[in-house]
Amino acid sequence: MLTGLLRKLANAVLLLFAVLVLNFALIHIAPGDPVEALVGEMGGATPELIAELRESFGLDQPLYVQIGHYLGRVLQGDLGYSTYYDQPVTHLIAERIGPTLLLVTVALLWAIVIGTILGVFSAQRRNSWISHLVTVLSLAGFSAPVFWIGIMLILLLSVAYPILPISGMTSTETATSTIGYILDVAHHLVLPALTLGLIYLAFYSRLSRTSMLEVLETDYVRTARAKGLPKRLVIYKHALRNAVLPVVTFAGLQFGQVISGAVLVETVFAWPGLGTLAFESILRRDTPTLLGILFFSALMVVVMNLLTDVIYRRIDPRIKAT
Amino acid sequence: MLDTFLKSLPVALAATLGAASLAQAEPKAGGTLTAFTSGYRTLNAAVQSGAATGAPASQIFAGLVTVGTDYAIEPYLAESWEVSEDQLTVTFDLVDGATFHDGEPITGEDVKFSMEVVKANHPFGQNMFGHVTSIDTPEADKVVLHLDQPVPGLLMSLQPLLMPVLPKHIYDDGQDMKTHPRNMENVVGSGPFMVEENDPTQRLTLVKYDDFFIDGRPYLDKIVFPLIKDPLTRVLMLEKGEIDYAPFAGVRPNDATRLEKADGVNVTTDGYGAIGYVHYLELNLREKPFNDHAVREALAHAIDTDFLSKVIFGGRTQPGTGPLHTGNPFYSADVPMYEPDMEKAAALLDEASYSVGDDGTRFSFVLDVPSWAPAAHVPMAEYIQAQLAKLNITVELRKAPDFGTWVKRIASWDYDATMNGSFNYPDPTIGVHRHFDCDNIKNVIWSNTQGYCNEEMDKLLDAAAVETDMDARKALYADIQKMAQEDLVFIYMPQDFSATVYSDRIGNTPASPFGALAPFTDVYLEE
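Those protein sequences? They're chains A and B, same order as listed.
For what it's worth, this note's numbering labels the leading residue of the first sequence as 1, then goes sequentially.
For what it's worth, this note's numbering labels the leading residue of the second sequence as 1, then goes sequentially.
These are computed hints drawn from the structure, not numbers from a lab.
Predicted model only: the values in this text are computed from it and were never measured.
Note that CB positions come from ideal geometry on N, CA and C, so glycine has one too.
All clues given are correct.
Just so you have them, the derived chain A footprint on chain B, three or more residues with Cβ under 8 Å:
1) 219-232
2) 238-252
What follows is a list of derived Cβ distance ranges for each label pair:
3) A25(A) with Q385(B): 32 to 38 Å
4) M152(A) with P105(B): 53 to 59 Å
5) V159(A) with G68(B): 36 to 42 Å
6) T133(B) with A25(A): 50 to 56 Å
7) T179(B) with V159(A): 37 to 43 Å
8) L15(A) with E527(B): 55 to 61 Å
A few chain A residues that don't get close to chain B, going by computed Cβ distances all over 12 Å:
9) V65
10) G68
11) L75
12) P230
So here's chain B without its partners, still in its complex pose:
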């Protein structure tokens, strides 16, 4: 008895002390948080997608709402909103007294202007706000959106990353929004931090905006984004504690293991669910042999994504099961999977009249490898080449020298197969529909470049786009994921290893599915 008591004493003491320290962990105001940037060419997220612009822009500009844990929509610049019964009108009330960084009031006119800018200039502008037919501003602090059909993902698109509220009095001067000088010089935002120094060759420094519309926020005095392009230098700086917070750190799984051993350094893969990056093998479905489902099925049986997940990503990622990332609110694991089976793959090819010819091969094709994400795409492509060689399929790898060369090939449909990947973004209407919709077979990268068209799929997509009941919508997306796997539109690879490396001294680490792309209003430093 005494022995048990003595053994449990240190544990009890530790638990008591731990509880005490947690109780004392009150947010503290002040301090400078050092993050990093790998380079950006604009700070205006209304005209540029991606994390390089999005990470700082989400601090400089506010949105109407923010997204909390579990995708809960929370008030931000809009203190409340009301959706009409027919789901075709949404009315927002803005918070009182909100101002831009130059002291001018933020009004409904600014919101209207910003939405029009996003709709016309952002790569997803039409997907997000294409059904907004008109915007009224009956009062200075009121905005009314009129829709031509219900848009269930609308609120999700109103957070700062996708719909930053811009100052109309600065930008509405007739200049092209994409190249507007105020996107980089004397940037006037609406968010918790304002630009103090913007030197794209060295660093971006943001300072707390004292008149931010949420009292007592943000806690941090400054956020600094030094420019660090070399991933190895970045790892060393993280290890040494010169960087406090590194989202999209670009670290490899073995670097992550090393960093986790460093004092006061943590690694997490949380905070990437909302943008949800998915890797896949894209096949040109217009031509032989990939227009034959049996060939695609044979390839699916030959490629073991679980193996790839373990080998390339050290077992730190999930094998790909379909178009949705496991962190997406509509993700479903109930899909057909193709177990690794080389014999079955060979039999399928034989049945499909792709038996081994006199030259010792079944067929050959060129597999394009893009220049971006080489750490993932190159080993994946080499693995596919080796696996398919076992089936007497010759794969020639064609590595693109640059982004433009690869885009031109794929967007003009001049390819056999390519390693590829894309972002879901929180609502599938933004990042997922584009790959499956018959109407989206376009000469545009990350559209339906592979040329897939299935009327049943289109019906499901159309229904999911307007379904406002969450459970019914989830069921529709479950069917979509199932159909994507049945039709083998793509052959999914393991999910990417995206990691954030952060210091122990950060309190309230951004925990929403948007991670570092959400505003740092509550983040603080413990010392």
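Isolated chain A (complex conformation):
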């Protein structure tokens, strides 16, 4: 098992390296560069100054030299300097990663738990009206744009029935105690986490429903039923444990994607996370920041993949044996 994990770790490092090179190349092949953005902020510059700036950023070098320099710096833990904020990218990411991880984790967790329950429920009663309702709601949640869902939820839960705050992560009035602060953040978290989770709720309810339907048709479930085991035991001990495997796999894979999904949700709810920073970096051509966030996002996917693998091995004895 340890050898398998080590091999996966080595693959992960190679993958991250490839991601770094690809991201760097793609961004630098695209028209325009950070100097154009800087010149824009400065209000324009002479061709001589533009050339001078390009030289100072090393942008006059061939692409492979630039990539080499960048990789060298990344290996030393230096993701460069934001051309807009004039701060180290690592500092900017560290400042905003907490809120994003909180939002993404809570959104994904509730979506997985509730989605799986709904999926299992609808698989058991596959032709009932509840099953059809879950299917329709899933499709609606999956199809609706996330910012639209966010605005609709604000209208419902902040304007029509003002029980939740519209935006931000904390209230203007600073909480006096730690518990007060936690409750304040939790209060602000409900709407963005609900919005972000709704898309994934649809996905996980469909996934677990399909998976459960397949498992319910298998021989061992039929045998368990034939043995006269109580229905609850058949469903939750024998069927669900197998049906949940694809859910775990996708949850790991999706963690990185959810960070990108958080971009719009964070913007709508003024959530101070990485998503808004990524969005602004694209608009401002802040290449070092954007590359840093992309790298971080890739890192999250790789780490989550490894974790998924570990969890997978724990819940599926067949994999543990290999």
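With chain A's structure known, arrange chain B on it following the hints.
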């Protein structure tokens, strides 16, 4: 008779009650005002122009003067000033006992240092203080400015937005002013409010400075600027009353109509005259076909700015009549206007040898659309494209993906035409001259990028820059506006819809032409 009396009774009662409540509306001290920010990267307005920095910075830093209603210059950190007869020396006396937020006294040396910082780092530094040749500080509370020519707009430039007084003991350490760490961390100001919390990812909180140099001011205890980037979220928060005061709210005219219906919410377009934003169609005058006045005149007849004002801005803005905003003290409406007339436009093009060719077009050009202000620029550009198609002119719209790409094209003069717009700032020498001066044809955005040069215009600009008699100066600017329209340097679009949304509970709402960019010393909350 009795009937008339009974009918008028409720009105009389209401008037009496209204008068009584007005009489009781005494400013109250205390309370937290919630505004908003769409993001800022520095709190030092000496090195960064724009409202994002200017709105909070005008509260954190004081200037030598403030600007009251009708552009009256009022004492602030300078309790008085004296201008020499030849207009070349201005002496300021500072108020006694004024201190920075760290308790250090504010002296003439700080004023001198601040002016030098602004002159070297602010985008308009040279325009505002380029003629200040030297600054003396004969006494701690005295500052003497020496000029090489009269500068009539000088005092206007000394208010906190454009010349914030910075603590020399903090900033004069040899570091680059634009990236100085104290622009964002442990900011020490000279104004009515000091920074309590500065978290650019969430909010900026300012608290009253107890030792502010005006007794009993400010009234407010706190001003909070939460970061809200999404305009729709902002509208909902305004409607719900979670924001008290939202200048530069970024609301569309239909949002404004909706907000006006909400309880206790008001919308005003006052407070934008001083910065005076003007939209226009900029044509590259160096090359065919736009180097031909007849072509520009044809375009002016084809584009109906009154129609645009009604359609894009719901009739809430004025049609553009020239380089000056209607709120500018030198605005003149006495300019040539080009009535919408497609037949005349076609005839002008025919006369200018731009008749319809074998391919069915007269000519074609690329119209650049910047990424900023898309709500105004995109529909304007699409309207121009549709109108000119009626004249057999093909317009290709090129939407810029980001600010830098657009700036590079325009600042390097590599364009046919672009939607554009710029701020007047109160004195035309700051925001207007730059577009017309022959000497300002530069590779710098919002300079004279279109390449216009007219010696007569230059003479008028030079004269207006030094004319100290207000009426004579107004007459010169009236001629400048007339000439800009005659020469069709730009084709002016409707003025922008800039609005402030504010709650009923705010007393003494900022009413100067600088609006939210003026200090909130007198603003209070009624409950």
